Amino acid sequence: MLELLTSFFLIVGGLFALIGSIGMARFPELFMRLHGPTKATTLGVGGILIASMLHFSSREAGLSLHELLIAMFLMITAPVSAHLIARSMIHLRGGIDQIRKKSGEQAEQKET
Amino acid sequence: MKRLFPQPLFSLCLWLIWLLLNNSAAPGQALLGILLAVTIPLFTVRFWPNRPRLRRPWRLASYLAVLLWDITIANLVVARLILGPMHRLRPGFITLPLDLCNDSAIVVLTNTISLTPGTVSADLSIDRRSLLLHVLDVDDEAQLIAHIKYRYERPLQEIFEC
Chain L
1 MLELLTSFFL IVGGLFALIG SIGMARFPEL FMRLHGPTKA TTLGVGGILI ASMLHFSSRE
61 AGLSLHELLI AMFLMITAPV SAHLIARSMI HLRGGIDQIR KKSGEQAEQK ET
Chain H
113 MKRLFPQPLF SLCLWLIWLL LNNSAAPGQA LLGILLAVTI PLFTVRFWPN RPRLRRPWRL
173 ASYLAVLLWD ITIANLVVAR LILGPMHRLR PGFITLPLDL CNDSAIVVLT NTISLTPGTV
233 SADLSIDRRS LLLHVLDVDD EAQLIAHIKY RYERPLQEIF EC
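Residue numbers (this note's numbering), protein chains in the order written: chain L, 1 to 112; chain H, 113 to 274.
For the record, the hints were derived by calculation from the structure and aren't laboratory data.
Just to be clear, a hint being listed does not mean it is correct.
Here's a subset of chain H near chain L, in silico, CB distances under 10 Å, partners left out [stated by the list, open to error]:
hint, residue
1, P120
2, L124
3, V178
4, L188
5, A234
6, I238
Simulated coverage check for chain L against chain H, where a stretch passes if three residues somewhere in it have a Cβ under 8 Å from a Cβ of chain H [stated by the list, open to error]:
hint, region
7, 5-11
8, 27-36
9, 66-79
From a predicted model like this one, the values you see are computed outputs, not experimental measurements.
All residues carry an ideal CB built from backbone N, CA and C; glycine is no exception.
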């Protein structure tokens, strides 16, 4: 029973990690690519960590909770790195006003 | 007491992290953890020029519960967007006006925004009054801003002194 639960969480985790990576590959633009790793991956890793907690808590004596730390550090660091990448990209493209102007022009071109 | 624990909550967190790192609650580790929880804040207290003051720390627990639930939903939403047709997405930048006065509160809000559905925080204005977000699929800008303000910013205002 427990093994079934463990494998379920492993599969769910792996699936979300895969979807996050597919997002990285499929999205056409850098800012959109940031959405994959900040979200889908957190649940991917989360699922695998839950599986690990279940597995090692049943195997060895006592609870195994240090996976919580991995989840915590991931939740703190993933948004920070995404924020930094977005920020540096905005500066490289000459500020947010430039980016807005360009995407506006592209939208107009699409319509005509 | 105040001199021994200048930041009681920080000490508590350090102690818990120590126990988690060792993955045991044996008395020896607990004692060593207390020693670290007392000494580390003594050395780092000067790194915090304006220390965050939590007015209602216990509210953080309910905030975290809401956040974990929203992260799960966010994953499903983004997974659907990733696997769906790309050309139908309407990505864009929106500006979120901030009503938080505390730096730590702003950090928590930016992290929250990046972890929740379809939004990534991209830039904080120099005067710390507005936050630039990138949204994967903009439907209704005003509604999204109202949602973030109601669901995340208001509880943070209550937790941190603002």
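Interface restraint verdict for L188/H against chain L (beta-carbon cut-off 10 Å): Given a least distance of 8 Å, the restraint on L188/H holds.
Hint check, P120/H versus chain L [nearest Cβ-Cβ separation less than 10 Å]: 20 Å, violated
Verdict on chain H covering the region 27-36 of chain L, criterion of 3 CB contacts below 8 Å: It holds, with 8 qualifying residues against the three required.
Proximity test - 8 Å, beta-carbon atoms, the region 5-11 of chain L to chain H, at least three hits: Coverage by chain H is violated for the region 5-11 of chain L (0 residues, Cβ < 8 Å).
Supplied contact hint for L124/H, tested at 10 Å Cβ to chain L: Violated - the Cβ of L124/H stays beyond 10 Å from chain L, reaching only about 14 Å at its closest.
Restraint satisfaction for A234/H [CB to CB of chain L, less than 10 Å]: Holds - the Cβ of A234/H comes within 10 Å of chain L, reaching about 4 Å at its closest.
Hinted contact V178/H with chain L - closest CB pair below 10 Å: Given a least distance of 14 Å, the restraint on V178/H is violated.
Given coverage of the region 66-79 of chain L by chain H, tested with a Cβ cutoff of 8 Å and a minimum of 3 residues: holds (count 7)
Hint check: 10 Å Cβ-Cβ cutoff, I238/H to chain L: Since the shortest Cβ distance to chain L is 12 Å, the answer is violated.
Consistency note: the structure conflicts with the earlier hints numbered 1, 2, 3, 6 and 7.
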